[in-house]
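J.: Hey, can you work out the whole structure from these sequences and the hints?
Read off the chains here:
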Amino acid sequence: AQSVTQLDSHVSVSEGTPVLLRCNYSSSYSPSLFWYVQHPNKGLQLLLKYTSAATLVKGINGFEAEFKKSETSFHLTKPSAHMSDAAEYFCVVRLSVSGYNKLIFGAGTRLAVHP
Amino acid sequence: ETGVTQTPRHLVMGMTNKKSLKCEQHLGHNAMYWYKQSAKKPLELMFVYSLEERVENNSVPSRFSPECPNSSHLFLHLHTLQPEDSALYLCASSQGIQGSPLHFGNGTRLTVT
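Read top to bottom, the protein sequences are chains F and Y. Take the first sequence: its position 10, counted from the start at 1, is 241 in the numbering used here, and no numbers get skipped. Take the second sequence: its position 68, counted from the start at 1, is 749 in the numbering used here, and no numbers get skipped.
Since the hints were made in silico from the structure, they are not lab data. Wrong hints could be hidden among the right ones.
Reference excerpt, derived from the structure (chain F facing chain Y, CB under 10 Å, subset only) [claimed, not checked]: (1) S263; (2) Y267; (3) N272; (4) T282; (5) V323; (6) Y331; (7) G339.
Quick caveat, the model's predicted, so the values are computed rather than measured. For every residue, glycine included, the Cβ atom is placed at its ideal position computed from N, Cα and C.
T.: Structure (structure tokens):
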């Protein structure tokens with residue numbers, strides 16, 4: 232069965248320091264993977280997606296993620312955190328069932344950014 | 682302004698009330714979704730509509746009743762809810778159901794008293 236595990240429920244960084252949000256997936260097939268971000272009182276916004284092309288995927292707002300099949304990981308990184316990056320981040324795997332693609336969401340990682 | 686608009690933003694209802702959540706998308710998409718986001722739980726898919734036909738009902742209790750009158754509008758009709766139904770209800774849309782990303786609205790925060 233497909234699933235996704237976000238290894239940290241909370242991450243706290245200082246402004247200007249690197250961000251690492253960890254995600255491991257379980258999939259019987261070559262997966263499609265996404266990262267979404269949710270700011271307070273907002274819906275989810277797509278940050279980036281991996282669909283079996285380049286293993287290093289660049290997204291919006293300076294974020295990127297690397298697909299590592301050997302480690303079944305899809306960690307999200309950013310070289311330098313900004314205060315506006317404070318939000319909740321969701322790692323998502325897509326599986327094909329019953330003729331449509333169903334998204335499986337991780338439990339989320341709340342990122343805090345301190346001055 | 683988000684391409685997916687949800688109203689109301691907040692709703693408080695008693696267990697005997699009947700209310701409806703509304704979602705409208707301005708993106709020209711042909712698939713729409715309802716998700717439930719509860720505290721400390723992953724997002725749960727509730728319903729999927731493609732070309733105005735329901736393609737997924739993810740074991741949702743009958744006290745939640747979706748309606749998709751056209752490809753731009755999606756409703757979630759609520760009746761005799763329970764306190765554990767209190768959550769953020771998110772609507773999303775996509776172009777097709779085979780792979781394009783979902784675009785989410787800002788959600789309706791529902792509190793059942």
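J.: Give a verdict on every hint.
T.: Each hint tested on the structure:
1. This hint holds: F/S263 has a C-beta 7 Å from the nearest C-beta of chain Y, less than the 10 Å allowed.
2. Of the supplied interface hints, the one on F/Y267 holds, with its beta-carbon coming within about 8 Å of a beta-carbon of chain Y, less than 10 Å.
3. Proximity of F/N272 to chain Y holds as hinted, the smallest CB-CB distance being about 7 Å (cut-off 10 Å).
4. The restraint placing F/T282 at the interface with chain Y holds, with a minimum CB-CB distance near 8 Å, inside the 10 Å limit.
5. Checking F/V323 against chain Y: minimum C-beta separation of about 9 Å stays under 10 Å; hint holds.
6. Taken as an interface hint, F/Y331 checks out: its beta carbon lies about 4 Å from the nearest beta carbon of chain Y, inside 10 Å.
7. Interface restraint check for F/G339: the shortest CB-CB distance to chain Y comes to about 7 Å, inside 10 Å, so the restraint holds.
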